[in-house]
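Q: One-letter residues, chain by chain:
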Amino acid sequence: MDSPYQNLPRRAFWRTAVGEQAADDPGDLYRPRWKLDPQERVFTAGSCFAQHVGGALRAANVRVIDTEVLPFNLSKSFKNTYGYGLFAARFGNIYTSRQMLQLIRETTGEISPALSIWEQDDRFFDAQRPSVEPRGLETPEQVRTHREFHLRCVKDALDRTQVFVFTFGLTETWEHIDSGTVYPTAPGVLAGHFDPELFQFKNLSAVECYRDFVAIRARMKELKPKCKFIVTVSPVPLTATASGEHVEVATARSKASLRAACAMLVDEFEDVDYFPSYEIITSANSKGVYFEENKRSVTKAGVDLAMNMFLSAHDLTRQSETSPDIHNVGAEFCEDVLLEAFAQ
Amino acid sequence: MKRILVIGSSHAGAVKAAWDEMKQENSTIELDFLVLPWPHLSEFHLYEDMTYGAKAPLAGQKAIDLSNTINGRETVSLTEYDLVFWVGYHSPVDALVRLMHNYAIDDVIEHDAPQRLSFILFREILMELVNNCIPNRMWLDAAKQTKLVIHLCPIAAETCLAIPQNKKNWRIATANSRIFKRILELMMKRLSARLAHHNIDVVEQPQETLAENGMTKTEFSVGSIRLMNAEAHPEKDFSHMNSAYGRLLLNALFVKLGTTDKESPNRAAS
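Heads up: the protein sequence lines correspond to chains A and B, in order. If you read the first sequence in the working numbering, its first letter stands for residue 1, the second for the next number, and so on. If you read the second sequence in the working numbering, its first letter stands for residue 1, the second for the next number, and so on.
The set of hints was computed from the structure by calculation and includes no laboratory data. Bear in mind the structure is a predicted one, so any value in this text is a computation, not a measurement. Please note that a few of the clues may not be correct.
Restraint-style ranges between C-beta atoms, simulated for each label pair [unchecked claim]:
#, chain 1, residue 1, chain 2, residue 2, range
1, A, N73, B, G72, 33 to 41 Å
2, A, N73, B, F119, 19 to 27 Å
3, B, E208, A, L223, 35 to 43 Å
4, A, H193, B, E48, 54 to 62 Å
5, B, V255, A, E148, 34 to 42 Å
A partial selection of chain B residues facing chain A, derived with a Cβ cut-off under 7 Å [to be verified]:
#, residue
6, D106
7, V108
8, R116
9, S118
10, M127
11, E128
The beta-carbon is built from N, C-alpha and C at its ideal position, and this holds for glycine as well.
Please model the complete structure; the sequences and the hints are all you need to start from.
A: In structure tokens:
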């Protein structure tokens, strides 16, 4: 009697694909739906892990969009500290699909984020990207001027996009109760202050993440009908949760939701591909070796493994080392790590 | 007798021309040159034994030959001199001008630029540009043994405003000359302080050579000559200075030497 499993390849079976696989060899985890053409213009955004995606693509001479730049003779670490050289524009980490959609809508003037300027010690911060000017600006007017300029750059980046790469990072976010505006950090972490009358905790469901991205995709298709998408889920666990759950349970809930959203997108749209960075790093095969001692930050070896697999699957090779100056994914350019300061 | 070694790029031509005019009046000073125009100067290296110049394998034969033609030798020992004067040292000014051209900057300059900077970030970039001007470890070590004085590449002469591709950059940067000059002053102050920390002295561009807009007055650029064969630079050259400029530099250096000269440890030991 024939079985549907009878003629499946080795990669379909746990024993041969994982159990007996060498510990440092994740195997044939990724087969892209289509090959990235290095001549295509790529927009990258997402959580801190997304910085590595952009870095690896740049290193492979892919045309990664970068609309806000600093002079070439400044060091990478200097540029990265001020949010340059990380993503398609200087928007910092975008942890949730809701924030990505909100940014795209803001570029068309469709929405205007509520409480968009936060104050801290007489300095003023763009609430949607408080980390890019670590010491804030002198006046609210300057924040508005810089925001207007930034939105023009984001719009320019979106207009040029042929491949949209997004790394889903979190489901937990904080939203303005009346408007639904979400923020990349909780008010009071980098700037501003938390007022429970104004803000509330929001934990996006898998369906909400899926719908957000469907809306993002629709916008991009309006701009570029042939636009393609690569989605991935950051393997970096939550620094802290406001859900009331144990942080490990909350992480599983969050990552499972994001992973499910990606699966729904891939199932529905031919032009959406999923890159399994989450699986590569958290694989049972790796037994946790790709996490640092804090069991959260991904090691350089882990990042290299994931990114090399991505490049290789797309027939791309690194021509230079142009990834961000970070070896420790949970460190320098991730605002959420600041939440550790609140740990008792 | 004070022995001074002048090193550097084609900008040292101004000093060479000035010294030809001045050496009769300065019998207690001896000036030697080991200079090379760009890009060949990048093949001059400082070695651990304080030898400086073009040596194989780090230098190619062309640079070695050129050094022999211009200087009559390939290398010198810095220990033989009371002072080393590095002329045409890497300057952050051109980077500043490009920055002001390409960026609108809060509280500094508003124009139709492709990019925008906050004032804090602008200030941080200036500090980075200054930090990029600190010599490498070998030179910092050398400065502990021999007195090292540097003079940055001069600021472009006003002549460059007549050249379309340069005109826009400089016009924008110098549109508010008060701010431009203030920025230059702050950068130089910072650079001098950083270099002084490493025992390196600076001869700044003489004030009398600067025009109202902060650029070099044309009169100090016309008639500049090349290191090779004393040929004149092209008429439109705006980056090289003439003997009048070189004379002011040497006078400033001699004042420095007279007032701050210390017996060099190597000299004392020799």
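Q: Could you run down the list of hints and mark each one as holding or not?
A: Now the hints, each set against the structure:
1. A:N73 / B:G72: 33 to 41 Å: This hint holds: roughly 35 Å between Cβ atoms.
2. A:N73 / B:F119: 19 to 27 Å: With Cβ atoms ~20 Å apart, the hint holds.
3. B:E208 / A:L223: 35 to 43 Å: Violated, at about 58 Å.
4. A:H193 / B:E48: 54 to 62 Å: Holds, since H193 (chain A) and E48 (chain B) (Cβ atoms, about 58 Å apart) stay within the stated range.
5. B:V255 / A:E148: 34 to 42 Å: 52 Å, violated
6. D106: Cβ of D106 (chain B) sits 5 Å from chain A, so the hint holds.
7. V108: With a closest approach of 12 Å, the V108 (chain B) hint is violated.
8. R116: Cβ of R116 (chain B) sits 5 Å from chain A, so the hint holds.
9. S118: 5 Å, holds
10. M127: 10 Å, violated
11. E128: Interface hint status for E128 (chain B): holds (5 Å vs cutoff 7 Å).
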